Amino acid sequence: KAGVTQTPRYLIKTRGQQVTLSCSPISGHRSVSWYQQTPGQGLQFLFEYFSETQRNKGNFPGRFSGRQFSNSRSEMNVSTLELGDSALYLCASSLAQGAAGYTFGSGTRLTVV
Amino acid sequence: SQKIEQNSEALNIQEGKTATLTCNYTNYSPAYLQWYRQDPGRGPVFLLLIRENEKEKRKERLKVTFDTTLKQSLFHITASQPADSATYLCALGENSGYALNFGKGTSLLVTP
Numbered sequence: 057k058a059g060v061t062q063t064p065r066y067l068i069k070t071r072g073q074q075v076t077l078s079c080s081p082i083s084g085h086r087s088v089s090w091y092q093q094t095p096g097q098g099l100q101f102l103f104e105y106f107s108e109t110q111r112n113k114g115n116f117p118g119r120f121s122g123r124q125f126s127n128s129r130s131e132m133n134v135s136t137l138e139l140g141d142s143a144l145y146l147c148a149s150s151l152a153q154g155a156a157g158y159t160f161g162s163g164t165r166l167t168v169v
Numbered sequence: 013s014q015k016i017e018q019n020s021e022a023l024n025i026q027e028g029k030t031a032t033l034t035c036n037y038t039n040y041s042p043a044y045l046q047w048y049r050q051d052p053g054r055g056p057v058f059l060l061l062i063r064e065n066e067k068e069k070r071k072e073r074l075k076v077t078f079d080t081t082l083k084q085s086l087f088h089i090t091a092s093q094p095a096d097s098a099t100y101l102c103a104l105g106e107n108s109g110y111a112l113n114f115g116k117g118t119s120l121l122v123t124p
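Chains as they are written, first to last, in this note's numbering: chain L, 57 to 169; chain W, 13 to 124.
Only chain L is shown next, with the shape it has when bound in the complex (with noise of 0.2 angstroms):
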């Protein structure tokens, strides 16, 4: 079966911008998590969608924010850019809250130049 799908891979955009990024979760995983992933900071939880409702959020700024369509499928935007958001952004997904484990997608590399 397919895995988790992001797009884009690759990202580059400038200070002050926003960027929307998607994530095709496993078929019949209603469950989506988004992580940041960064050299200093490791992975660091950001939401988590379930049949469309944010069931968690983690300690971003408000410039983060995400939503889930009735098919499952999430995006995420970050509005405002600023350098410090170059990093791995990862979806994962899982058929519950997780405890069975969770399917991450290839991650979206964004750089803010």
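Because the hints were derived from the structure by calculation, they are not lab data. Nothing here was measured: the structure is a model prediction, and the numbers come from that model. Don't take every hint at face value.
Derived lysine-lysine pairs resembling DSS-like cross-links, with alpha carbons at most 27 angstroms apart [said to hold, decoys possible]: (1) 67(W) x 29(W); (2) 67(W) x 15(W); (3) 113(L) x 15(W); (4) 29(W) x 116(W); (5) 83(W) x 116(W); (6) 113(L) x 67(W); (7) 69(L) x 113(L); (8) 116(W) x 113(L); (9) 116(W) x 67(W).
Based on these hints, arrange chain W on the given structure of chain L.
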């Protein structure tokens, strides 16, 4: 404050030996702990999950232990192979939320 600590230094071992990676945590009450493998430029790949009421879990050459008194998990790879070279991440999940809290990972290098 909450912390999840993994060996920050890379672990170099010889092929055929057992690799043991450590994950220590403070100020968490995990309902379960997961281990992932991550290769450069790729997303983490789920390996094993162990629940708070379990002491040990095995899967092929992998073994995980979970000691909630010591607040520690050990991850073992027996008969290691060069293909096992990667970064290994531990992640804690709590009943109160839907987030995984990750350690920063340990880099494992298995040499022939």
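Here is how each hint holds up against the structure:
no.: 1; hint: 67(W) x 29(W); in the structure: holds (23 angstroms)
no.: 2; hint: 67(W) x 15(W); in the structure: holds (21 angstroms)
no.: 3; hint: 113(L) x 15(W); in the structure: holds (19 angstroms)
no.: 4; hint: 29(W) x 116(W); in the structure: holds (24 angstroms)
no.: 5; hint: 83(W) x 116(W); in the structure: holds (17 angstroms)
no.: 6; hint: 113(L) x 67(W); in the structure: violated (31 angstroms)
no.: 7; hint: 69(L) x 113(L); in the structure: holds (24 angstroms)
no.: 8; hint: 116(W) x 113(L); in the structure: holds (20 angstroms)
no.: 9; hint: 116(W) x 67(W); in the structure: holds (23 angstroms)
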